[in-house]
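So the chains spell out like this:
There are 2 protein chains.
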Amino acid sequence: MTVKGLSLPELVDACVEFGVSSVGLWRDPVRAFGVGAAARLVHDAGLTVSTLCRGGFLTATGPAERAAALDDNRAAVREAAGLGTDTLVLVCGGLPPGGHDLGAARGRIADALGSLVPYAADHGVRLAIEPLHPMFASDRCVVSTLEQALDLAEPFPADQVGVCVDTYHVWWDDHAPAQVARAAEAGRLHAFQLADWVTPLPEGVLNGRGQLGDGVIDLREWHTRLDEAGYTGPVEVELFSDVLWARDGRELLAETVDRYRTHAAP
Amino acid sequence: MTVKGLSLPELVDACVEFGVSSVGLWRDPVRAFGVGAAARLVHDAGLTVSTLCRGGFLTATGPAERAAALDDNRAAVREAAGLGTDTLVLVCGGLPPGGHDLGAARGRIADALGSLVPYAADHGVRLAIEPLHPMFASDRCVVSTLEQALDLAEPFPADQVGVCVDTYHVWWDDHAPAQVARAAEAGRLHAFQLADWVTPLPEGVLNGRGQLGDGVIDLREWHTRLDEAGYTGPVEVELFSDVLWARDGRELLAETVDRYRTHAAP
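Which chain is which? The protein sequence lines are L and D, in order. For the record, in the first sequence the residue sitting at position 127 is 127 according to my numbering, with numbers rising by one throughout. For the record, in the second sequence the residue sitting at position 229 is 229 according to my numbering, with numbers rising by one throughout.
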């Protein structure tokens, strides 16, 4: 998503050129390219798929909508398995139209997980619940903290449900470090993503993430925190940014690799 | 601030007409009008000043800037006393330029309170620390939760430092209800403000608050929560909104009173 202007073949080429050995993919471009073709493209280049983004959106109230959401999530699980990644990231969904009850929406997520988790496990795919920044609580994700994400994960086996830690979403939370430790002790640190926080936020606030080092987050401290907690998985960089997307994708990827080394790698 | 298009005399007239008995004022228009003149205007109309907004911005690192911030806060205390309100709301400030350390910034707030609180107490003014939504953590307020605000307040007497609960800033936080109870038990519920949460957020996210009832917050639940905790002070409505400010101020105030009754009053 950081370099969404690149086609999948261009992305794979650029990853190889700039020494990126693992890449997180998004469903839309994968489906447009074909899951099997995308899997071959990535693996023939010697890369691995770190995670597939994203399933989720499990907060609807109507039975038909809930069934459709579960169907779509089962499709996402099959796509993840087809790509050879073990991790499907979940963005759990916001309040339904007219809804006011965050707790009830989280309860519907818990219910949906109960049916989705066994299906994912059968496909060798684990789910990584990603808390999103509280500014997305109403319209995108009612799971706003790592604590809430872990509370949702906890009823399930650790190798089936964990969390995705994205610095952009959790950097402000003084409880997050303890929750990283809790996740690590439980074996539920399933994904780790980097983005920096810059202001002013753009209209709609979705596509205003900062290039690593341009913002206020101590990315090296976060990286070290995950490392010391025992996280050994891939480190993804996920920069939703209209400003960055306007640039040449290869140049942006090269810059991002450089910024990772300068500002994030311990 | 909800009807900032109205001059102070127009505001006072409209409050009297629409049955608003208490009004929260902001420093800039008060100083422009003159503190003494504003106090006479409000009190001669039979109104009281609920709070003065705002002091704070206590996170600078340089000695000169810190001294200037404290001077400005002492002026705010005197203005509050001059207006006859007992409560000065504090928006504590964001990260300093180039800063990455939220905890250190909160520590500088604690230090500044140590010198500001006795001055305010001498003037009969209590400080209400307002946590702001985490989307403001970098550039406006490093105090993002009621828990953090109460942690900052706790070293001081309850009648000298408390918190301001604004639904817009805390509605997403599942720890907030317990922290409201904690604040109430400690006698630190010093101000209560209502605004609704609507999306999409505008560029800069400051002026996108929703009219009561237009958004996702269960305002009646929050009002009831504060009531049941024992809060008996004024209930302010604070709608920073470019959309609302474009409307006629009197009409907006009348609508706000109506919305308060329909959507918030228990």
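No wet-lab data here; the hints were simulated from the structure. Mixed in with the good hints there might be a few duds.
Under the rule of at most 25 Å between Cα atoms (straight-line distance), these lysine to aspartate or glutamate pairs were calculated in the DMTMM-like manner [to be verified]:
#1 D:K4 x D:E228
#2 L:K4 x D:E203
#3 D:K4 x D:D101
#4 L:K4 x L:E154
#5 D:K4 x L:E203
#6 L:K4 x L:D174
Hints and how they fare:
no., hint, in the structure
1, D:K4 x D:E228, "violated (31 Å)"
2, L:K4 x D:E203, "holds (23 Å)"
3, D:K4 x D:D101, "violated (34 Å)"
4, L:K4 x L:E154, "violated (34 Å)"
5, D:K4 x L:E203, "holds (23 Å)"
6, L:K4 x L:D174, "violated (32 Å)"
Violation of the numbered hints given earlier is confined to hints 1, 3, 4 and 6; the remaining hints are satisfied by the structure.
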